[in-house]
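K.L.:
So the chains spell out like this:
There are 2 protein chains.
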Amino acid sequence: MAPSDSPEAKSISAYGVARSTIKPEKLLDQDEIRKIDAYFQASLYLCLGMLYLRDNPLLKEPLKKEHIKARVLGHWGSDAGQSFTWIHLNRVIIKYGLEILYISGPGHGAPGILSQSYLEGVYTEVYPDKTQDEDGMRRFFKQFSFPGGIGSHATPETPGSIHEGGELGYSISHAFGSVFDRPDLITIAVVGDGEAETGPLATSWHSTKFLNPITDGAVLPVLHLNGYKINNPTILARISHEELASLFKGYGWTPYFVEGSDRHSMHQAMAATVEHCILQIRKFQKQARESQTPFRPLWPMIVLRTLKGWTAPHDLDGKKLEGFWRAHQVPIPDVAVNPNHLKILESWMRSYNPEKLFDESGELNSELKALAPIGNARISANPVGNGGILRKPLNLPDFRKYMLPDIEAGISVAGSMTNMAKFLRDVISANMTNFRLFGPDETESNKLGEVYKATQKVWLGQYFEEDKDGGNLATSGRVMEMLSEHTVEGWLEGYILSGRHGLLNSYEPFIHIIDSMVNQHCKWLEKCLEIEWRAKVASLNILLTATVWRQDHNGFTHQDPGFLDVIANKSPEVVRIYLPPDGNCLLSVMDHCLRSMNYVNVIVADKQEHIQFLGPQDAIEHCAKGVGIWDWASNDQGKEPDVVLAGCGDVATNEALAATALLREYLPNLKIRFVNVVDLFRLISGTEHPHGMSDKEWGAIFTVDKPIIFNFHSYPWLVHRLTYKRPGQYNLHVRGYKEKGNIDTPFELAVRNQTDRYSLAIEAIDRIESLGNTASAVRERFIKLQLSAISVAYDKGIDPEHIRNWRWAFPSKS
Amino acid sequence: MAPSDSPEAKSISAYGVARSTIKPEKLLDQDEIRKIDAYFQASLYLCLGMLYLRDNPLLKEPLKKEHIKARVLGHWGSDAGQSFTWIHLNRVIIKYGLEILYISGPGHGAPGILSQSYLEGVYTEVYPDKTQDEDGMRRFFKQFSFPGGIGSHATPETPGSIHEGGELGYSISHAFGSVFDRPDLITIAVVGDGEAETGPLATSWHSTKFLNPITDGAVLPVLHLNGYKINNPTILARISHEELASLFKGYGWTPYFVEGSDRHSMHQAMAATVEHCILQIRKFQKQARESQTPFRPLWPMIVLRTLKGWTAPHDLDGKKLEGFWRAHQVPIPDVAVNPNHLKILESWMRSYNPEKLFDESGELNSELKALAPIGNARISANPVGNGGILRKPLNLPDFRKYMLPDIEAGISVAGSMTNMAKFLRDVISANMTNFRLFGPDETESNKLGEVYKATQKVWLGQYFEEDKDGGNLATSGRVMEMLSEHTVEGWLEGYILSGRHGLLNSYEPFIHIIDSMVNQHCKWLEKCLEIEWRAKVASLNILLTATVWRQDHNGFTHQDPGFLDVIANKSPEVVRIYLPPDGNCLLSVMDHCLRSMNYVNVIVADKQEHIQFLGPQDAIEHCAKGVGIWDWASNDQGKEPDVVLAGCGDVATNEALAATALLREYLPNLKIRFVNVVDLFRLISGTEHPHGMSDKEWGAIFTVDKPIIFNFHSYPWLVHRLTYKRPGQYNLHVRGYKEKGNIDTPFELAVRNQTDRYSLAIEAIDRIESLGNTASAVRERFIKLQLSAISVAYDKGIDPEHIRNWRWAFPSKS
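Taken in sequence, the protein lines are chains A and B.
Under this note's numbering, the first residue of the first sequence carries the number 1, and numbering increases by one thereafter.
Under this note's numbering, the first residue of the second sequence carries the number 1, and numbering increases by one thereafter.
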């Protein structure tokens, strides 16, 4: 039995004459409505053409099956609602001279927005073969969801799009990212009621608590309640009007409803509502800007309730179509084999009267053309939608100034973040409208608190008296923190894609929360490389810290360095992974990443104090090479070594160096080469990644026949995956995190995973055949040292002093 | 300047005498309050003991630095609020005979709940060395966040916990999972206001639309507004009371507020509020159950606003402590080196009067003991918290009944899901309170619609007339769909951990959305294996479909098979990956997974129609082996082959077989062996994974010196990662998805990634040295065939018939 708590069940149907919060009072006259509706029909006609036709685009002859694509693919469900919204934005753009960006949450409804771009002429300007005539329209139709053509979302090929909408959940956070530091921009975020059920979207409504009405633009969300997902009703379309309104008031918005199916009254209602919302936004902005008092208004949003597949036939073969989930994808199936369906499609398409909308040549009537704005005021021509062209390089201070000058390799101790944080502080100062620092709640915890000397955390929530006592909150801060990795990543993506720069800092274990988002961003960047008119954007920079090896109290749940595996699967054209071994290298890497474009740069560096290795010049040279032999730690100068020890990652390098020192102390005749890897993709072949090295280079560094004991920051298999083709790969013994952990001291955790100095030294001894039995006493000694260090930890709860504050001097340095 | 829209800013402070929605009216008498507060103090005393002490647990002597742990780790911030909540639940459990499970969203506040388990005696029963005396208390304190001890979250070692709370966001969905089909259970979900900002949590409030008040239990959320995260205020603590109340009404709850810091009045208010909420829940349940009319009430929830670190000193060294973010972790630092801090800590701990709470031996006073329920009514003894002991094996129909009996290998065509869906249908029918099917919105799209003959989708939202037309909605359905991978995964985890069974079906590309959740579940399972008293739970089964190779219109964003890489990093004790090549194998694998325990089973199978290969018996035997030579496709019988072709994954196997057929047709003298892999971990060494095989087995199947052309479903490097140690690995040439895709036909996508039949056949020719020049004409021929097939696709928009409906007969079968 159905629940009985829903007296509103009927009243919230999307059928009938428009109902709206704002009463239209005849804003539009009859002629305006006629023209707007004709434009709407032109758009819908194009949508159907894209889905179905490969020929006969203007229906100049009766529709035959040979005009139909062999495989009909695409989504109809949200096309009408999205077209409708866009068209009503056009009106206010012209009336008020607005700058508007459109983000299509239901990117599957791409026909809705592609048709707009074509109608307003941008599509033809960008793709000259898609002319505004019958031939151009044929090509425009055929390419859609067709091999060699364009996808069925708002893909990078779509003019004006910075948001594909393939994966759902990020439309609001992307929209906010686009308007930060763009006070004149209003970004419309159309949110599908399916997308609205996702977690990332559900929390992103709170973004208003981080938007400054003076220095930022505004986001106008349009929640498009079309009632259905692929095969289900949506939650938000099946709760009472009261609950729905209450939900958005609770999120801090003022919802304005526009609901119905009657086109005439819907145009009137939507025109009035859009206009009201725009004026509200302008009013709030004016109030804040004139008073120079930032505040958080209850920003307007629109709830647009239409039928799913609005304007489709009511039913098909006796089953409900318009207003039901069956209208989600291709509304009429089998048109090529079902003559009746073909007929229904034809009469449906003809019901839009294409012959009245387009002239004989296929060009849109000039009366309708006049409804679109001109030049860059056209939504799909907004330069923000191709943010790379607006990108200004960062004004970067000289990173060398921040480096620790006097490094005694293996003796000096410092927090790698300390000086990098000073660099970031000055990057922020020098780029006050062009760079932001993002993080879930950990900027201070990640030892980057130095940045608060230059800026604060942006906060438009309430202020308490106690905030003065170290709150670091301000309405104009450049640091953005919300405990939602999804939201901060979405903001950053939107900020970058609209032409600015940024850095996300996060705990390493929880970056997996946004695996899928980063995947999607990589795919976006990769596709953009194939599109001539797309200008390059700043790289997405991710600093991972609080790493797996220092989770003394958070334990097993906080131990997961596997984000690197996810990244390594993406296209080599767009991903870079850096593991600087110490503070000076971190600075060098960070400077490089902030200058780069079109990459996802992942930087892994622990936040605790660590032994330092390289002085400024050495660090710069080492990072430029990405991998190198550390001569000062090696004793094989000019000769073939007996064994190669390698480290990649700060903690891993520290232990590998300690193992090297142990071996050199206890087995002084052994020839050891020490290698450090900063740039992970150096390990792969140059044919697979632009940073890769040749087998010849590989052999010169790692040898082709000597045992290599490679201590790696992350899961060891990633290194094997990158090197399985290398000569001598059978000699490569990689140690890394093997999912063994608990509430361990750093040393104990290393022992569990065999990445500690003793395990590495023992591994080296075991792998060097020439040692024979001579090393067995040393081996025993190492085992005893290891056990005694662990027992201290178990007794005292901390690692023994010589492990925690371990120093060593190589013979050559002593 | 601060925003000025917050007249409520002051009024929502957590200081002062309790304010509450429900007026207490002296529910508790003075003596009850005194006792409850004493119990509260006992709990808080234990929390501090856990954080700080390794000795002198009862403070029988003055506190000295040698009593303090060498490293003080843990979280104080939410301990008091969580203890407070638990204690007030105890009262209603005794009064009303309730069955209550407690989920700690802020798992970092583990001391708050560990202390409860110790006080109610469960901890001592489970861990007999943690006796209820001074020695036991010392051990209880010392083990916390100490090497060899327990972690600082609600880890699996915590009695009564099914939710660690290390990663945030899943408390509400886990709680709902625990109460489905447990009508008598009330699960309390304490949600931190930090956690509340995460996306997964923000959407999980909507879970009420899927809860049946007759057959399911209830969830009582306690939103714990303590105002601060690690270093920031929380959003929900800094919006107006009106917005906050509106938000939760919008989510469909009735929020009851309890706010303040005065303990006396807070006890009174909390007692009344908890009691009111419990009675409301019982009232709604009674109404639905007596009338047999399920409905969705506006379920009660509690908003508990306390000070962060409530009951801590107000300030430390002149800086605010209680009620500020500084109280998040260890509230008083440096006690071992700062004598003044040590003194403050001591007087703070003594302020709880331990000598009045515990007797001389260290046992809790009997007066206080009586405040806890007894036996399994104690929250931490609830068997649901160790769900494995309640687990009943599924009543499984014989899967062989559902197999396609007459398979002509390489000729028969069927959808692999078709018969498996019938099996699932009957699994559901036979386990109507013990099994559920979960998915974001894709069960029908994934061709599992057959299950709707046995059940429907559970839906407690509004019903419309149109739902009768194929809606498949019911208040008592066994299929759970919400467009939030996070929520359905959370429900499933909660359902399994509380002793039941389930299956999640999802599109392959978007399973990355829950990478992090599945990671955490793997870690939970892994730790449980080390804990004697934890009974095994059903496996978490994930069926991935709509795979990378069939994304004809969704394109590049929907192409990501990399979830397998994430899973492969987890402990081999708990992860299994299956890629059945056809429908009968899928059935065999599914049956196996549904019977298994304590694993995460990932099954990858496409939903489109595919060529079938194995009859029932062959499929069962093949799946049991996990990898095998397909004799019927090979022509090397009894001899060493010239080349091995292998497939892993349905589409990959199809193309590899097609390549085999091509080679055999065009180069009939070639000896080819064909291998199929179902169980991915067969590829790895037996020393690394229980399913792994020895090098000897490997050599017998794959050879140690012949070229192996291995066509893989996912990214090719995963296979290299699993096999880098194998003899002959240099001869292993893996093809798979290499992040090359667009809006491609299946064949074109394969060509882009070199996984199509022609590319594989050409690769084989290139790798067989013995062929010399004789094969160059064949090679040319294959290239021509490949090009012509692509050009058909580009012209017609579909693959040529011989590619789409490809049939072949091997000589031995013809």
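A portion of the hints provided could be inaccurate.
Just so you know, same-sequence chains aren't split out, so a pair can sit in one copy or run between any two.
To be verified - Calculated cross-link-like contacts (lysine-lysine; reagent style DSS-like; alpha-carbon spacing at most 30 Å):
{"id": "1", "residue 1": "Lys740", "residue 2": "Lys422"}
{"id": "2", "residue 1": "Lys35", "residue 2": "Lys142"}
{"id": "3", "residue 1": "Lys725", "residue 2": "Lys639"}
{"id": "4", "residue 1": "Lys343", "residue 2": "Lys796"}
{"id": "5", "residue 1": "Lys343", "residue 2": "Lys468"}
{"id": "6", "residue 1": "Lys343", "residue 2": "Lys23"}
{"id": "7", "residue 1": "Lys249", "residue 2": "Lys142"}
{"id": "8", "residue 1": "Lys356", "residue 2": "Lys536"}
{"id": "9", "residue 1": "Lys536", "residue 2": "Lys738"}
It should be emphasised that the hints constitute simulated quantities derived from the structure, not laboratory data.
K.L.:
At most 30 Å between C-alpha atoms: does Lys536 with Lys738 qualify within a copy, between copies, both, or neither?
P.N.:
between (38 Å within a copy, 23 Å between copies)
K.L.:
Treating 30 Å as the Cα threshold, decide for Lys740 and Lys422: within, between, both or neither.
P.N.:
Neither way: Lys740 and Lys422 sit 35 Å apart in one copy and 41 Å across, limit 30 Å.
K.L.:
Can you tell me if Lys725 and Lys639 fall within 30 Å by alpha carbon in one copy, between copies, both or neither?
P.N.:
both (25 Å within a copy, 28 Å between copies)
K.L.:
How do Lys343 and Lys468 come out at 30 Å by Cα distance, when the copy is not named: within, between, both, or neither?
P.N.:
between (71 Å within a copy, 28 Å between copies)
K.L.:
When no copy is named, should Lys249 and Lys142 be tagged within, between, both, or neither for a Cα gap of at most 30 Å?
P.N.:
Intra 44 Å, inter 48 Å, cutoff 30 Å: neither.
K.L.:
With identical chains, the pair Lys35 and Lys142 could be close in the same copy or across copies; at 30 Å between alpha carbons, which is it: within, between, both, or neither?
P.N.:
Only inside one copy: Lys35 and Lys142 sit 28 Å apart there, 78 Å across copies, limit 30 Å.
K.L.:
When no copy is named, should Lys343 and Lys23 be tagged within, between, both, or neither for a Cα gap of at most 30 Å?
P.N.:
neither (40 Å within a copy, 68 Å between copies)
K.L.:
From the Cα coordinates, with 30 Å as the cut-off, is the pair Lys343 and Lys796 best called within, between, both, or neither?
P.N.:
The answer is between: 22 Å across copies meets 30 Å, while 83 Å in one copy does not.
K.L.:
What label fits Lys356 with Lys536 when the C-alpha limit is 30 Å: within, between, both, or neither?
P.N.:
Result: close neither inside a copy nor across copies, 41 Å intra and 70 Å inter.
Hints 1, 6, 7, 8 from the earlier list are contradicted by this structure; the remaining hints agree with it.
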